[in-house]
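Sequences listed follow chains A and B, in order. If you read the first sequence in UniProt numbering, its first letter stands for residue 1, the second for the next number, and so on. If you read the second sequence in UniProt numbering, its first letter stands for residue 1, the second for the next number, and so on.
Possibly wrong hints are sitting among the right ones.
Stated by the list, open to error - From the derived model, a few chain A residues whose C-beta atoms are all more than 12 Å from chain B:
id	residue
1	2
2	29
3	43
4	66
5	95
6	96
7	107
8	133
9	164
10	166
11	189
12	215
Claimed, not checked - Now the in silico label distances, taken between C-beta atoms and shown as ranges:
id	chain 1	residue 1	chain 2	residue 2	range
13	B	167	A	101	32 to 38 Å
14	B	90	A	52	36 to 42 Å
15	B	95	A	36	39 to 45 Å
16	A	4	B	16	55 to 61 Å
17	A	196	B	168	33 to 39 Å
Don't read these hints as lab results, they were simulated from the structure. For every residue, glycine included, the Cβ atom is placed at its ideal position computed from N, Cα and C.
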Amino acid sequence: MERAFTPLECLLPAAALRACADGGANRLYHVTEGSQESFLPDYISGDFDSIQPEVKEYYKVKGCELIETMDQDLTDFTKCLQILQKKIEKKGLQIDVIVTLGGLGGRFDQTMASVETLFHAANITPSPVIVIQECSLIYLLQPGKHRLRVDTGLEGSWCGLIPIGNPCESVTTTGLRWNLTNQVLKFGTLVSTSNTYDNSGIVTIETDKPLLWTMAIKR
Amino acid sequence: MERAFTPLECLLPAGNLKFCLLILNQPFNKGHFHCLWSRAALRACADGGANRLYHVTEGSQESFLPDYISGDFDSIQPEVKEYYKVKGCELIETMDQDLTDFTKCLQILQKKIEKKGLQIDVIVTLGGLGGRFDQTMASVETLFHAANITPSPVIVIQECSLIYLLQPGKHRLRVDTGLEGSWCGLIPIGNPCESVTTTGLRWNLTNQVLKFGTLVSTSNTYDNSGIVTIETDKPLLWTMAIKR
Numbered sequence: 001m002e003r004a005f006t007p008l009e010c011l012l013p014a015a016a017l018r019a020c021a022d023g024g025a026n027r028l029y030h031v032t033e034g035s036q037e038s039f040l041p042d043y044i045s046g047d048f049d050s051i052q053p054e055v056k057e058y059y060k061v062k063g064c065e066l067i068e069t070m071d072q073d074l075t076d077f078t079k080c081l082q083i084l085q086k087k088i089e090k091k092g093l094q095i096d097v098i099v100t101l102g103g104l105g106g107r108f109d110q111t112m113a114s115v116e117t118l119f120h121a122a123n124i125t126p127s128p129v130i131v132i133q134e135c136s137l138i139y140l141l142q143p144g145k146h147r148l149r150v151d152t153g154l155e156g157s158w159c160g161l162i163p164i165g166n167p168c169e170s171v172t173t174t175g176l177r178w179n180l181t182n183q184v185l186k187f188g189t190l191v192s193t194s195n196t197y198d199n200s201g202i203v204t205i206e207t208d209k210p211l212l213w214t215m216a217i218k219r
Numbered sequence: 001m002e003r004a005f006t007p008l009e010c011l012l013p014a015g016n017l018k019f020c021l022l023i024l025n026q027p028f029n030k031g032h033f034h035c036l037w038s039r040a041a042l043r044a045c046a047d048g049g050a051n052r053l054y055h056v057t058e059g060s061q062e063s064f065l066p067d068y069i070s071g072d073f074d075s076i077q078p079e080v081k082e083y084y085k086v087k088g089c090e091l092i093e094t095m096d097q098d099l100t101d102f103t104k105c106l107q108i109l110q111k112k113i114e115k116k117g118l119q120i121d122v123i124v125t126l127g128g129l130g131g132r133f134d135q136t137m138a139s140v141e142t143l144f145h146a147a148n149i150t151p152s153p154v155i156v157i158q159e160c161s162l163i164y165l166l167q168p169g170k171h172r173l174r175v176d177t178g179l180e181g182s183w184c185g186l187i188p189i190g191n192p193c194e195s196v197t198t199t200g201l202r203w204n205l206t207n208q209v210l211k212f213g214t215l216v217s218t219s220n221t222y223d224n225s226g227i228v229t230i231e232t233d234k235p236l237l238w239t240m241a242i243k244r
C-alpha cells in the first residue's frame, strides 16, 4: 500500500484549527502586531515557561483556551499535538495534514526535539505532521511506500532523505536526480542531501525504517 | 580511557589552544568570527564559505585571506573567487560528488596539518547549523566521517549552537569557560544508543537508552560542577548553547 501526499499543498490557505505551543504565542502576537484580534488561536498549550505574561494575558482576555501541561518528559510541541488530536476527534474533523510552523531554526537541541516529536506523532495522530520553517520542510516517512507530489510550483530546488535515529537498510526512490535502489542510508555511510528532482513532479520512496524527508520551499 | 575536552575553549580570548578554522556557507556570528580568525593556525573556506568570509570582512578583505578555498565551486561567487585568486589564496577544486564540500575541505586540512607537522587541539567549523535543513544534516554527516579523516576533535558552531560528535567510550567535558549558555543535549542522531551514563547534567542518565521515538535529551542543563561526563556505547551527538 502506498501513502500519497503533497507536502506543500498546505501552503494554500484555510486552517481548520489553530494552536500555539507555549512561546509560539509570542511569535503569533508579534507577527500579527496591530491586528492580533483577527488572529486568535483556538488554544495555547504548554508549561508556560516561554510565553510572555502580557501575551498570555491578552489571549486569555480574548477568550482563547489556555491549557497548562506539566509533563516534563514531553516537549511542548508533542503535548500540543496530543491536545490537537483530541480536539480533532471531539469535533469529528477530517484532517489531511497537521502543519507546524517553526521548529527548525535557532537552538540545535530544539530542532532535534521537533524531529523527536515527529517520531511520537505516529502514535498520537493518523494525520501526517509536517514542520516548516523559512525555506525548509521536514516530514517523517514511516516504513513502507510513499508517493509525494512535488509539482505545486512551491518546491525549491533541493531535497534530501535523512536516516535520523536509525540506519535504513533498504531505500528505493524514483523521481530524484540521484535515486537510490535498495540502498543503505546511514550516518557515516550515506545520507542524501543536496538532492533534487527529475521533471516528473512525483517522488516515490520505499523504506524499511523511519526516514526523514526534507525539501526546500521556494521563497 | 577518558577523552577530555573543553568545547568552548576556542572562543576564549587568551590561551594556548592550537586550532584550525573552517568556514562554511552559512551566516555566522561576527563576534565568533573575529575571535577565531586571529588565533587560528590554519584557515580555510569550503566553497560558498568564501562568500561569507568576503562579506563579513567587507572593507578589509585583504587582512583576512584564507590559506585555501576548496570545493566544487558551484556556490562561490565569481567575483569572490577572482578576488582571492588574485590575492594568492590556494584554490583547490574537488569534484567528488559523493562527499560534501565540508568533508572534502576537512580532508585537505588534515593533509596540510600533517605536511606542516602541526599539533592541533581542535578543528573549529563556523557555519553549518542554520538555513537549509539538509545542509545541517550534511554537517552532522561530516562529523561522522571526521573520525576517519583526522584525530583532532571537530566542532561546528553557528550562532548560539555548538555540536560535537562523541565517539563510543568515556568523555569528560569542561563547561566552565563562562561562555556556556543554559541549554545542552545529547542526540542519538544516526543510531540508537543502548547505554548512556552521564554526570554533571541537571537530568543525568544511568545506563539509559537514547533513541529517537523513545528518549532524546534536549533542553537539558548543567549542575554547578563545571564538568560533564558522558559514557556511550555508540556515537552520540553533544550539543550546547553558546552565550551571546
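These are the hints, each one checked on the structure:
Every CB of chain B lies more than 12 Å from the CB of residue 2 of chain A, the least distance being 23 Å, so the non-interface label holds. Residue 29 of chain A, annotated as away from the interface, keeps every beta carbon of chain B farther than 12 Å; the closest lies near 22 Å. The Cβ of residue 43 of chain A lies farther than 12 Å from every Cβ of chain B, with a closest approach of about 22 Å, so its non-interface assignment holds. Distance to chain B confirms residue 66 of chain A as a non-interface residue, since its nearest Cβ pair spans about 21 Å, more than 12 Å.
With a least CB separation of 22 Å from chain B, residue 95 of chain A remains clear of the 12 Å interface cut-off, as annotated. Distance to chain B confirms residue 96 of chain A as a non-interface residue, since its nearest Cβ pair spans about 23 Å, more than 12 Å. Residue-level check failed: residue 107 of chain A sits 6 Å from the nearest beta carbon of chain B, not beyond 12 Å. Non-interface status of residue 133 of chain A relative to chain B is broken: a Cβ of that chain comes within 12 Å, the nearest being about 8 Å off.
The claim that residue 164 of chain A is not at the interface with chain B is violated, since a C-beta of that chain comes within 12 Å of its own (minimum 6 Å). For residue 166 of chain A, the condition that its CB be more than 12 Å from all CB atoms of chain B is violated, with the nearest at approximately 6 Å. At roughly 8 Å from the closest C-beta of chain B, the C-beta of residue 189 of chain A falls inside 12 Å, breaking its exclusion from the interface. The beta carbon of residue 215 of chain A is not kept farther than 12 Å from every beta carbon of chain B, the shortest such distance being approximately 8 Å.
Checked against the hint of 32 to 38 Å, the C-beta distance between residue 167 of chain B and residue 101 of chain A comes to roughly 36 Å, which is consistent with it. Separated by about 51 Å at the C-beta atoms, residue 90 of chain B and residue 52 of chain A break the suggested range of 36 to 42 Å. Evaluation of the 39 to 45 Å hint for residue 95 of chain B and residue 36 of chain A yields a failure: the beta carbon distance comes to about 53 Å. Our hint of 55 to 61 Å for residue 4 of chain A and residue 16 of chain B holds, since their Cβ atoms are close to 59 Å apart.
Our hint of 33 to 39 Å for residue 196 of chain A and residue 168 of chain B holds, since their Cβ atoms are close to 35 Å apart.
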